[in-house]
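> Produce the complete structure using the sequences and hints provided.
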Amino acid sequence: MDSVAQPPVGTPWHQATFGASFVRFWRGYAIFRGKAARAEFWFWALWWFLISLVANIAFGAGVLTLLTDPSGLAAPPLQVEQALEAFNPFPVWGYLLSILPLGAQIALGIFTVLALASLMPWIAISVRRLHDTGRSGWWVLLAAVPLGNAVLAVLLALPSVDRAQAVR
6 MDSVAQPPVG TPWHQATFGA SFVRFWRGYA IFRGKAARAE FWFWALWWFL
56 ISLVANIAFG AGVLTLLTDP SGLAAPPLQV EQALEAFNPF PVWGYLLSIL
106 PLGAQIALGI FTVLALASLM PWIAISVRRL HDTGRSGWWV LLAAVPLGNA
156 VLAVLLALPS VDRAQAVR
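Numbering (the numbering used here), first residue to last: 6 to 173.
Think of the hints as simulated: they come from the structure by calculation, not from any bench. Just so you know, not all the hints are guaranteed correct.
Claimed, not checked - Taking CB as the label site, the calculated pair distances span:
#1 Gly24 x Ala120: 33 to 41 Å
#2 Ala148 x Ile56: 31 to 39 Å
#3 Ser103 x Ala158: 30 to 38 Å
#4 Leu152 x Val28: 14 to 22 Å
#5 Gly99 x Val159: 18 to 26 Å
#6 Leu71 x Pro12: 17 to 25 Å
#7 Asp167 x Thr73: 53 to 61 Å
#8 Gln20 x Ala155: 25 to 33 Å
#9 Ala66 x Leu121: 30 to 38 Å
Built from N, CA and C at the ideal position, the CB exists for glycine as well.
Next up, the structure:
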């Protein structure tokens with residue numbers, strides 16, 4: 006562990022380390038009050054990038070082996086055609102998932118579970134990071150607007166604002 010004492014989640018920690026940011030992210034699961042320093046937010050973003058990269062490589066390798074399989078997908082099975090005619094996408098997705106190699110299915114499943122589990126903490130750390138820049142946490146709703154993620158990323162990258170300068 007780090008020899009430096011960590012402040013509680015919600016108090017910005019500008020000296021956050023790569024490893025400590027992972028732990029602080031999960032500890033601050035539903036803490037929307039307080040602030041998060043750039044270091045803890047962007048170290049977590051790096052963690053998420055690496056997790057996504059590993060999952061996408063595993064999934065992509067599975068899809069690549071599927072596409073290069075000589076017995077592959079020359080003609081879609083009857084159930085896919087019937088599902089498309091009935092406007093029911095679930096059998097199609099079920100079929101597409103079932104033909105993936107086991108490794109790709111596992112990677113996709115693990116990534117889906119992690120993505121769903123980390124949704125609320127992602128929102129929480131983003132709100133705390135916005136507070137640290139002197140902005141309202143409601144700016145996080147930009148993520149729901151087309152191209153809003155780009156604007157939100159710029160806001161999240163801004164430096165910390167001193168409490169005396171913060172907009173209230």
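> Work down the list of hints and note, for each, if the structure agrees.
Evaluated hints:
1. Range check, Gly24 to Ala120: about 21 Å between beta-carbon atoms, so the 33 to 41 Å window is missed.
2. Ala148 and Ile56 have their C-beta atoms about 19 Å apart, which leaves the hinted 31 to 39 Å range violated.
3. The given range of 30 to 38 Å is respected by Ser103 and Ala158, whose C-beta atoms sit roughly 37 Å from each other.
4. For Leu152 and Val28, the Cβ-Cβ distance of about 33 Å falls outside the hinted range of 14 to 22 Å, so the restraint is violated.
5. Between Gly99 and Val159 the beta carbons are some 40 Å apart, a value that contradicts the proposed interval 18 to 26 Å.
6. Between Leu71 and Pro12 the beta carbons are some 48 Å apart, a value that contradicts the proposed interval 17 to 25 Å.
7. For the pair Asp167 and Thr73, the beta carbons lie near 57 Å from each other, so the given range of 53 to 61 Å is met.
8. Separation of Gln20 from Ala155 is about 29 Å and conforms to the stated range, judged on CB atoms against 25 to 33 Å.
9. In this structure, Ala66 and Leu121 break the distance hint of 30 to 38 Å, their C-beta atoms being roughly 23 Å apart.
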